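Chemist: Listed here are the chains, written in short residue letters.
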Amino acid sequence: MTLVHPTAYVSPGAKIGKSVEIGPFTIVHENVILGDRTKVGAYCELGLATQLGDGTPLIISEDSLIRSHSVFYESSSFGPGLTTGHRVTVREKTKAGSSFQIGTSSEIQGDCLIRDYVRFQSNVFVGKKTTIGNFVWILPYVVLTNDPTPPSNVLMGCTVEDYASIAAAAIVLPGVTVGYQSLVAAKACVTKDVPPYMVVAGLPARVVGKTSDIKLRDGSGDSAYPWTRHFKRGYPVSITEHWVSEEEKYL
Amino acid sequence: MTLVHPTAYVSPGAKIGKSVEIGPFTIVHENVILGDRTKVGAYCELGLATQLGDGTPLIISEDSLIRSHSVFYESSSFGPGLTTGHRVTVREKTKAGSSFQIGTSSEIQGDCLIRDYVRFQSNVFVGKKTTIGNFVWILPYVVLTNDPTPPSNVLMGCTVEDYASIAAAAIVLPGVTVGYQSLVAAKACVTKDVPPYMVVAGLPARVVGKTSDIKLRDGSGDSAYPWTRHFKRGYPVSITEHWVSEEEKYL
Amino acid sequence: MTLVHPTAYVSPGAKIGKSVEIGPFTIVHENVILGDRTKVGAYCELGLATQLGDGTPLIISEDSLIRSHSVFYESSSFGPGLTTGHRVTVREKTKAGSSFQIGTSSEIQGDCLIRDYVRFQSNVFVGKKTTIGNFVWILPYVVLTNDPTPPSNVLMGCTVEDYASIAAAAIVLPGVTVGYQSLVAAKACVTKDVPPYMVVAGLPARVVGKTSDIKLRDGSGDSAYPWTRHFKRGYPVSITEHWVSEEEKYL
Chain A
929 MTLVHPTAYV SPGAKIGKSV EIGPFTIVHE NVILGDRTKV GAYCELGLAT QLGDGTPLII
989 SEDSLIRSHS VFYESSSFGP GLTTGHRVTV REKTKAGSSF QIGTSSEIQG DCLIRDYVRF
1049 QSNVFVGKKT TIGNFVWILP YVVLTNDPTP PSNVLMGCTV EDYASIAAAA IVLPGVTVGY
1109 QSLVAAKACV TKDVPPYMVV AGLPARVVGK TSDIKLRDGS GDSAYPWTRH FKRGYPVSIT
1169 EHWVSEEEKY L
Chain B
929 MTLVHPTAYV SPGAKIGKSV EIGPFTIVHE NVILGDRTKV GAYCELGLAT QLGDGTPLII
989 SEDSLIRSHS VFYESSSFGP GLTTGHRVTV REKTKAGSSF QIGTSSEIQG DCLIRDYVRF
1049 QSNVFVGKKT TIGNFVWILP YVVLTNDPTP PSNVLMGCTV EDYASIAAAA IVLPGVTVGY
1109 QSLVAAKACV TKDVPPYMVV AGLPARVVGK TSDIKLRDGS GDSAYPWTRH FKRGYPVSIT
1169 EHWVSEEEKY L
Chain C
929 MTLVHPTAYV SPGAKIGKSV EIGPFTIVHE NVILGDRTKV GAYCELGLAT QLGDGTPLII
989 SEDSLIRSHS VFYESSSFGP GLTTGHRVTV REKTKAGSSF QIGTSSEIQG DCLIRDYVRF
1049 QSNVFVGKKT TIGNFVWILP YVVLTNDPTP PSNVLMGCTV EDYASIAAAA IVLPGVTVGY
1109 QSLVAAKACV TKDVPPYMVV AGLPARVVGK TSDIKLRDGS GDSAYPWTRH FKRGYPVSIT
1169 EHWVSEEEKY L
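Residue numbers (the numbering used here), protein chains in the order written: chain A, 929 to 1179; chain B, 929 to 1179; chain C, 929 to 1179.
Note that these hints are calculated values from the structure, not bench results.
Keep in mind that this is a model prediction, so the values were computed, not measured.
Heads up, a few of these hints could be off.
As the list claims (entries may be wrong) - Below, computed lysine-lysine pairings styled on BS3-like, alpha-carbon distance capped at 25 Å:
1. C:LYS1143 with B:LYS1120
2. C:LYS1143 with B:LYS1056
3. C:LYS967 with C:LYS1021
Model the full assembly from the supplied sequences, consistent with the hints where possible.
Modeler: So this is what it looks like as structure tokens:
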């Protein structure tokens, strides 16, 4: 049964799935589709319309959780299992895949493409025109920029490839690609492309080694990367079994 | 016609202009003046009073837009055309000019002076006693500090001069001046004054060149600075024509 | 007399002290204890329950002030005199002492231990399993991390010892200890332990001197550290007199 708190405003035009819950003082505008079993916390505003939208709705697919004080504009879409922290902001025309997690106070400025199983921790800032691959991890206070000569009309979004990790408080400069299975160290300032499987660190960031040389800090002596060998929390068995079978090809 | 949402609380003492709109669940306290045609989003609280105010009202001039979840204290004033993102915080005794833009989650701690046409993007933090000139750009996650030996009672605000740009995730240390038409690179830590027309970068930041040597990344081969040559979005024609005529003096 | 705004939701199961004030549109869930004379601003949600809690209540002790748009989960406790800025987030199982101040938009991810008279300014991020001593100062946009090889299941919280100061936009890497009365400079990236009484700066941070060699910037010629000699604002006389008597032992 759908539960809309009596203080919430839900437009009669919004399409609300089955067993949806909408919290106190939340506003759902007309041009919104909420998938089955999605929960929206308190003080959220979903589906704001501006001239930056293209008329398409905000689509939040099934089994999503949007925590309190979050703001989503219209004309973006999210696959099943979106989970957000508190006070998230998402502007128009972003398309995200399945099981996206967006940490507290993170902001996505719009016109972004984000694939499946991406994890943002808190206060991640993603400028317009960013592209993010599958299984990417972005830690707190990371900034992905897009204007190479501020202010200008040139917007060069960053690209983050599959399985890359960007550690806390790093920044990626406009147009840069962070490569497949690479690692950006904490506080790094990434001014040029990061090669696949490499670690970069510093200001400006330079290659400091291979990810495969980094050891887990659990005393096991095992390599920390690829992280899919040891970290499976929150992924479905179909995914983690696929990771295992891929590993076995190289044994 | 003024539109106050039925769930909003507007003090009878507040002075509300013509054609003002006040969104759901918003609170406007007594000591507030809202100019004509100003729009205030949902979940905002305007005009909070503390002992840090001086009894003067919060003044939001005409044609302003305050987005949702923002908080403004009393005793600050803003010229016409203020535009904010979501979740902005402004403390007491700041004075800002015309057409100020404050990005999402930015915070101004009070006792600041901000001139005309200043643009803050998201998560800009401005400590007490900061002075910012005209046409300044400050990009996401920039921090302007004021305490040289934390904690202390010595507050040395930063100064940012006209037409300066500070790129993403840079920090300016207490008492430092960022000069006229200068550029602070992304992630720079600015420990001493930045000369006019110069670019600084690094930790600590050093002069790395002249702004006039930086090319636009649009393939034109044109210089990116002064940015007033190529970037006019959002400024009135009277301003952009003035920029053109100033340029022509030097031809 | 307790003042609950008519638009607030307070669970009948919550234990509300004397002379408590609860602001508009605020939600207080069942498993919450609010001490006498505590004030809670607008749009706050207190006592959210998840499987990460242990069933114990959220305890906010007497004489506390929680500013608007803040979110606290259950199973954390705060000593008397907690003061927060706006939009603070605190997750489960954190234990904090007396007179804790948490700046606007700061986040504490849970499982932290925080002693007495700690001051966080705005946008401080504290990862799980962090330990913070007495009289610590943490300035805006500081990040305390915990995952040495993201993503992993190894969580190594940071430790910050008594009277340490961490200046703006610094980061402390997982498992690092910031020593007694030490100072981390603005924008530093602290990759290894900071010795007591020392100043570290840079990326990676290195020891650059003793705190006792840093002068106050007020023209007095006095040393800025230990800061307890000159900075007493907001501490009770019993504390500041103790500081004076400790100093006199060394004269």
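Chemist: Run every hint past the structure and note whether it holds.
Modeler: These are the hints, each one checked on the structure:
{"no.": "1", "hint": "C:LYS1143 with B:LYS1120", "result": "holds (17 Å)"}
{"no.": "2", "hint": "C:LYS1143 with B:LYS1056", "result": "holds (21 Å)"}
{"no.": "3", "hint": "C:LYS967 with C:LYS1021", "result": "holds (22 Å)"}
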